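K.L.:
With the sequences and hints as input, model every part of the structure.
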Amino acid sequence: MNRYIKIKKLAVGVIASLLLLSTQSFAAQQGHLKVTSKAQKMIVVNNNGQKAYKFVPATKILPGELVQYNTYFQNIGNQPANNINIVNPIPKHTVYLPNSAQGKNTNIVFSVDGGKHYGKAGTLKVRDKTGKIVPARPSDYTHIQWRYNGNLAPNVQQAVAFRVRLL
Amino acid sequence: MPQTPHTFASNSIIEKIAHTVVHTKTVIATAVCLLYLGSPSMAIAQGVNAGTEIQNIATVTYEIAGEDQSPIESTPVGNSNPGVGNGSPTMFRVDRKIDLTVTGNNDANVVPGETQSEVTFTLTNEGNDTQEFTLTPEAAVVSDDFDPANCSYEVTAISGTPLPGVVIPTTGNILLGPDQQASIAVTCDIPVVSGGSLLSSGDTSLISLTAQAVKNSDDSMTTETSGVDTAENIETVFADDQGTDDANRDASHSARRTYLVSVSATPPTLSIEKSIVSFLDTNGGTTKTSGTEVTYKILVTSSGTGSINNVEITDPTPANMTYKPSSIILNSTNQSDANDVADNTDFGISIANTATIKLGNITAGSTQEIQLTYTIN
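Chains as they are written, first to last, in this note's numbering: chain A, 1 to 167; chain B, 168 to 544.
What the hints contain is simulated information worked out from the structure, not anything from laboratory work.
Among these hints, one or two may not hold up.
Restricting the straight-line Cα-Cα distance to at most 20 Å, the calculated cross-link-like pairs of lysine to any residue (SDA-like) are [claimed, not checked]:
1) A/K38 - B/R260
2) A/K54 - A/Q40
3) A/K51 - A/L97
4) A/K92 - A/A161
5) A/K116 - B/P238
6) A/K60 - B/E391
7) A/K38 - B/T228
8) A/K60 - B/E220
9) A/K60 - B/T297
Okay, the calculated beta carbon distance ranges per label pair [unchecked claim]:
10) B/L330 - A/Q30: 50 to 56 Å
11) A/P135 - B/N273: 23 to 29 Å
12) B/P331 - A/N99: 42 to 48 Å
13) A/I133 - B/G250: 56 to 62 Å
14) B/G252 - A/K104: 26 to 32 Å
15) B/T328 - A/V44: 34 to 40 Å
16) A/N99 - B/T338: 49 to 55 Å
Partial pick of chain B residues on the chain A-facing surface, computed with a CB cut under 8 Å [to be verified]:
17) Q222
18) T226
19) Y229
20) I239
21) N248
22) T389
23) S393
24) V404
Since the structure is predicted, the reported quantities are computational estimates derived from the model, not experimental observations.
Don't be surprised by glycine CBs; every beta carbon is placed ideally from N, CA and C.
P.N.:
Quick look at the structure:
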C-alpha cells in the first residue's frame, strides 16, 4: 500500500513538473526590448508666419495627408543591447517623404527592392519605365533601416521616426 | 556572434573606421547591383479608397552580450514578445473624402420658341469612394434676361466602365466610382416672350446644374461624421469647393451654362392659304352635288431666315361635308389617318372630326403642300 502511494506521489510530481514545463514553454516569452509603433497625423500650421507641423492622433486621414510613424525601442532587460537594427517597410498605399527618416545615433539606409538590399539615400538605382537605370527617388523606397550606433543600456528608451504621404 | 557585416556597436574609433570602410564597400556594391524592375504601386488620382487599412510594423533585431536575439516586432502599445508574427500592426483606416466638380461645357445659341435646346456639363467624382449623385438643373437663375422652361437632364455617357447596375443613358441618379466622370445634357424650352416683351438678340439665360453626393458605396447616406474620430471607423469628410450655386464643403458642386438668343435680321414668317383643287361628282363630272368629292390644297409657306418650330396644321371638316378616309397627301406623299409617329398626321384622333398635320420644325424659306378631300353630304 505504501509503495502504491509513493508511486502515485511520484506520478503526480512528474505530471506537475511536465505541466510547469509546458506552461513555461507556451507562455509569452520576454525579450530584452519593448518595441512600439505609433502613428500621428501631421497638420501644417502657421506659426507666426513660419510653416510648422502639428501632430494629432491618426484617426481622421484622407488621401494626400501626412503621417509620422515613431518607433520606440526600450531596453527592458538588465544587460545592454547592441547591434540594434530597426527595419520598417513603407506601409502599403503610402509614399516616403524625402529626408523624413530620423533617429538619434543611427545610420539610416533605404531599400528599393523590398528589403533585399540597402544603401544610403542617393546611392540607390531603379529601372524606369523604359528599362533604363536611373537614380531612385524617395518615393521608390520600400524599406527603411536604422542601425543604432552603440549600446542601449537597461531602461533606456530611444526612438526613430519617418514620415509618409497617404496616396 | 554578429550575422551582419554592418556592425556599429563598437566604441573603438579604429573599429568604427574599419566598419565604416566595410559599410561603404557594401553600399557601392549595392548601388551597382540594385536593379529594381517595375514601378512602385500606382494609386489612382483621387487616392486610396475609403476604408482601406493602412498598417505599419517595425521589426527590431539586436544582440545581448554578442549573441543574436530573436527579432521583436512592434505593436501599437509596445511588445517585448520575440518572434516573427508576435507583433501587430499600428493601423488606421482611410477615411471618406467627399469631393466633386461640375464643369460647364457647351453653351447654346438659340432662337425664341426653340424647344429642347441643349447645354452640356461634366460631373467628376473627386472623392475616394463610390458615390451616388443627384442632379438638379435650375432655370430660375437671377441676373439674366429670361428663364427657359421644361428643363430636364440626361446622363449621356460616363468615363470608363459603368459600375454594376449603371445603365446609360439615364435620367435618374448616377453612380460614379472615384475619378469617374459623367457627361450630362440639360435641355430646356426657350420662350418667345419674357416679361411681356419678345426675346431679342443678345438676351441670355443662365442654366445651373447642381450635383450632390447622397449615398456612399456601403449604401449609407452621405453625411459628414460628427463626434469622436477613431482610427478604426470610416469618417466622412466633405472636401468639395464652392460652385456657382452651392456652398463650400456641402457635398455639392454646381456650374452654369448660357442660352444666348440670336434673332435673325429677317425673322421667319409663316403664311397659309387654302384653295380648291378639283371637284369630282359621282358621274365623273364636276357638278357640286351630294356625293361630289372636293379636294382642297393647303399651302404653308415661310420666308426670312431661321427656323419655325412646332408647326401644326389643323383643318376641321367643313359643314355639310364628310372627310374622305386616307386622303391626306403631304408634299406628294400619302399620309395615314392613324395617330402614329411615322407621319405625324391623323384624322379625328388628335382633334375630333379634324385633320391634324404636325409639320414640326420647318426651315424658313420652304413650302409645304397638303392636299385632302371631303365629300359633299
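K.L.:
All hints are to be evaluated individually against the structure, with a verdict given for each.
P.N.:
For each hint, the structure was consulted:
1. A/K38 - B/R260: holds, 14 Å
2. A/K54 - A/Q40: Holds. A/K54 to A/Q40 sits at ~9 Å (cutoff 20 Å).
3. A/K51 - A/L97: holds, 17 Å
4. A/K92 - A/A161: holds, 17 Å
5. A/K116 - B/P238: holds, 17 Å
6. A/K60 - B/E391: Holds: A/K60 and B/E391 sit about 12 Å apart, inside 20 Å.
7. A/K38 - B/T228: holds, 19 Å
8. A/K60 - B/E220: holds, 12 Å
9. A/K60 - B/T297: holds, 19 Å
10. B/L330 - A/Q30: 50 to 56 Å: holds, 52 Å
11. A/P135 - B/N273: 23 to 29 Å: violated, 46 Å
12. B/P331 - A/N99: 42 to 48 Å: holds, 44 Å
13. A/I133 - B/G250: 56 to 62 Å: Taking Cβ atoms as reference, A/I133 and B/G250 lie about 38 Å apart, which means the hint is violated.
14. B/G252 - A/K104: 26 to 32 Å: Given about 29 Å between the Cβ atoms, the range holds.
15. B/T328 - A/V44: 34 to 40 Å: Distance hint for B/T328, A/V44 holds at roughly 37 Å.
16. A/N99 - B/T338: 49 to 55 Å: holds, 53 Å
17. Q222: Holds, because the Cβ-Cβ distance from B/Q222 to chain A comes to roughly 6 Å (cut-off 8 Å).
18. T226: holds, 5 Å
19. Y229: It holds, given that the least Cβ distance between B/Y229 and chain A is near 4 Å, below 8 Å.
20. I239: holds, 5 Å
21. N248: holds, 5 Å
22. T389: violated, 15 Å
23. S393: violated, 12 Å
24. V404: Where the cut-off is 8 Å and the nearest Cβ of chain A is about 6 Å from B/V404, the hint holds.
Going down the numbered hints, you'll see the structure goes against 11, 13, 22 and 23, while the others check out.
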